[in-house]
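Respectively, the protein sequence lines represent chains A and B. Under the working numbering, the letters of the first sequence match residues 6 to 295, in that order. Under the working numbering, the letters of the second sequence match residues 154 to 424, in that order.
Don't read these hints as lab results, they were simulated from the structure. Accuracy of the hints is not assured; some may be wrong.
With beta-carbon atoms standing in for the labels, derived distance ranges [claimed, not checked]:
| hint | chain 1 | residue 1 | chain 2 | residue 2 | range |
| --- | --- | --- | --- | --- | --- |
| 1 | B | 196 | A | 292 | 41 to 47 Å |
| 2 | A | 292 | B | 385 | 53 to 59 Å |
| 3 | A | 263 | B | 267 | 31 to 37 Å |
| 4 | B | 179 | A | 285 | 52 to 58 Å |
| 5 | B | 339 | A | 226 | 31 to 37 Å |
| 6 | A | 158 | B | 240 | 56 to 62 Å |
For every residue, glycine included, the Cβ atom is placed at its ideal position computed from N, Cα and C.
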Amino acid sequence: MNLQDLLEPFRFTFMQRGLIEVMLVGGLCGAMGAFVVARGLGFIGDAISHAIFPGIVIAYLGRFNFFIGALVFGVLTALGIGAINRNRRVKEDTAIGILFAGAFALGVVLISGVRTFTTDIGAILFGNVLAVSNDDVALTLLLGGVVMAVLWLFFKELLLVSFDRTSATALGLPVAWLDQLLLLLLTLTIIISLQAVGNILVLAMLITPAATARLFVQRFHTLLLLGSLIGALCGVCGLYASYYLNLASGGTIVLLTTLVFLVCFIAAPSDGWLVTTWRNLRANRIRSNA
Amino acid sequence: MYHSDDMNALMLRDVSIAYDDNVVLSHVNLDIAAGEFVGIVGPNGACKSTLLNAIVGIARVVGGNISYCGTPIERVRARIAFMPQREGVDWTFPVTVSDVVLMGRQARIGWLRHATRDDRAVADWALQTVGMWEQRGKPIAQLSGGQQQRVFLARTLAQEGDVLLLDEPLTGVDATTEETILSVLQSLHQQGRTILMNTHDLTMAKELATQLLFLNRRIVAYGTVAETLTADTLRQTYGARVVLSDEANVMLLMRDDSHHAHHHHAGKPLL
Chain A
6 MNLQDLLEPF
16 RFTFMQRGLI
26 EVMLVGGLCG
36 AMGAFVVARG
46 LGFIGDAISH
56 AIFPGIVIAY
66 LGRFNFFIGA
76 LVFGVLTALG
86 IGAINRNRRV
96 KEDTAIGILF
106 AGAFALGVVL
116 ISGVRTFTTD
126 IGAILFGNVL
136 AVSNDDVALT
146 LLLGGVVMAV
156 LWLFFKELLL
166 VSFDRTSATA
176 LGLPVAWLDQ
186 LLLLLLTLTI
196 IISLQAVGNI
206 LVLAMLITPA
216 ATARLFVQRF
226 HTLLLLGSLI
236 GALCGVCGLY
246 ASYYLNLASG
256 GTIVLLTTLV
266 FLVCFIAAPS
276 DGWLVTTWRN
286 LRANRIRSNA
Chain B
154 MYHSDDMNAL
164 MLRDVSIAYD
174 DNVVLSHVNL
184 DIAAGEFVGI
194 VGPNGACKST
204 LLNAIVGIAR
214 VVGGNISYCG
224 TPIERVRARI
234 AFMPQREGVD
244 WTFPVTVSDV
254 VLMGRQARIG
264 WLRHATRDDR
274 AVADWALQTV
284 GMWEQRGKPI
294 AQLSGGQQQR
304 VFLARTLAQE
314 GDVLLLDEPL
324 TGVDATTEET
334 ILSVLQSLHQ
344 QGRTILMNTH
354 DLTMAKELAT
364 QLLFLNRRIV
374 AYGTVAETLT
384 ADTLRQTYGA
394 RVVLSDEANV
404 MLLMRDDSHH
414 AHHHHAGKPL
424 L
C-alpha cells in the first residue's frame, strides 16, 4: 500500500466533511467528558440522549430539522433533571429513570406508525457521519464553539461546584444554577454529536475518551485537554478505519475508542493493570523473602 | 479590643435552622463582637456544625435573620471564609494542591475572570503559611489526612475573609498539622480577624478562644472562659452527671457513667 492509497479517502468531499465533523465532535465530547467522568454524570448523559429521541421523531414526522426537535426535548430534559436535583423529595436516579424511559417509549410509539422510518431513524440512532452537509459541519463548529466558550468563561465556577459543593455554597455561588448550566452544555454536546455517532453511542464518546485520559493525568485542566485530544484522534482514526473495512462509521469509532481505553487500562504507566499487578507481585516476593 | 454593641460582627436574631423540614435549632440569638475568637463546644449531635452551616448558607434558615456588620449575610458571603470538614469532598477528584487553594480566591476573582498573578501570589503565600508549599503540584489524592486539612486551611486563608468559620479543624490530624493550624489561628486572631471554631476538645477551646459558646441543641452559655466554664454549664451541655475537679491546676471533666454499658465512655476524660 503506497501513500496514494493511504490518502485516497481524503479525495472525497464527503470523507473530508466527515473527518472534520468527527474531529470536532470527538474533541467536544472528550472535553465535556472530563466533567462527566469526574462527577459521575454518565447515567444523566444516558438519560438526556434517550430523552431527546421523541424530539427527533417528531421533527422527522413534521419534516423539519431534527436539530430543533432534539434541542426542545433536550433542554426540557435538562431543566427537568435540574428541578429534580433541587427538590430532593424524589430519589434522583429513580425520577430520571422514569422520565427518560418514558420519553424514549414515546419516541418508539410515534415512529411505529411510519413504514419508511428504518433508514432515516437508523441514521439518528447509530449516526451517519458521511451524510453531513457543509451546513451541518458549520453548525457543529458554531455550537461546539459556543459550548467551549461557555466552559471557558465559567470554568473555575464549574470546577469548584464539581469538587466541593459545600464551599461553593459558602462562597455564595448559585450552585443549583451552575449545575443546570452544566446539564445544558451536556445536552448541547449530545445533540451536536447525534449525526456523527448517533443517539445510542454518544454516551461512549462522552465517557470513554475522558476515562482514558483519566488514567494518565491527575489534574482537571489536563484531563479536559487530553480527553479532547483522545476523542478527536479516535474519531478521525475510527472513521478512517471504517472506510477501509467498509463498516458502520459510528460503531467503528466507538469500538476503536473502547479498544484504546482497554489497552491504556492494562498498560498505563502509573496505575495500569500491568504495573499494579507487577508491583503487587514484587511486593509479595520481597515480603516472602524477608 | 472592640466590645461596644455597634462593633458586633455577627448577629443572629431569633434564628431557626432546618434540615429537610425538621427544625434542629430554634430561636438562636447570638452577638459576636469583631475580633473575638469563639470556641464552639458541645457533645456529638449538639448541632455545632449546623450553626456554622447556617451562617454560611448551607443549612436552611427558616426563621429569623443573620447579619454581618449590619448587612444581611447573603450579601457578604465572600467576606466569611469557611473551612468545612474534609470528609465532605471526594479526595480522588483530579485537582492539584494549588488548584484547590486557588479555589479560595473564587469570590475575589469574580465572574467571567481568571486568576491573576496577584491571586496566585496569595495562594502561594497561603501554601507557605500552612507548610504545604513543597506539595503544591501534587494531586490531592496523594495527601495524608493532615495534609488534606492543611490544604483546606490554606484555601480558607486564600479567601482573605474578615471572619473565619472552622468546622472541627483539629479532628483526626497529626501533631505537625495541629501545631500549624493552631499557630495560624493565633496569628489571625492577633491580626484582628473574627474566628469561630467548632471543636469537641474543650481544653483546646479554653486555651485558644476568648469566648466559649456552649451548645447542646440550644445555646447553653456564651461568654468569656471565666464566665462560662462552670459546673452548671458543663452539666447542662454534656449531661446530668459530670464531675469538675480543679486539682493541681489541671481541670478534669469526667462523665460519671461507668456503670453504663458504654465502656468506651467510662472514665474517659472529656477535658
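We went through each hint and held it up to the structure:
1. About 44 Å separates the C-beta atoms of residue 196 of chain B and residue 292 of chain A, a value consistent with the hinted range of 41 to 47 Å.
2. At about 58 Å, the CB distance of residue 292 of chain A to residue 385 of chain B agrees with the hint of 53 to 59 Å.
3. Residue 263 of chain A and residue 267 of chain B have their C-beta atoms about 35 Å apart, which keeps the hinted 31 to 37 Å range intact.
4. One distance hint, 52 to 58 Å for the beta-carbon pair residue 179 of chain B and residue 285 of chain A, holds here, with the actual separation near 55 Å.
5. Look at residue 339 of chain B against residue 226 of chain A: about 36 Å separates their beta carbons, and that is inside 31 to 37 Å.
6. One distance hint, 56 to 62 Å for the beta-carbon pair residue 158 of chain A and residue 240 of chain B, is violated here, with the actual separation near 32 Å.
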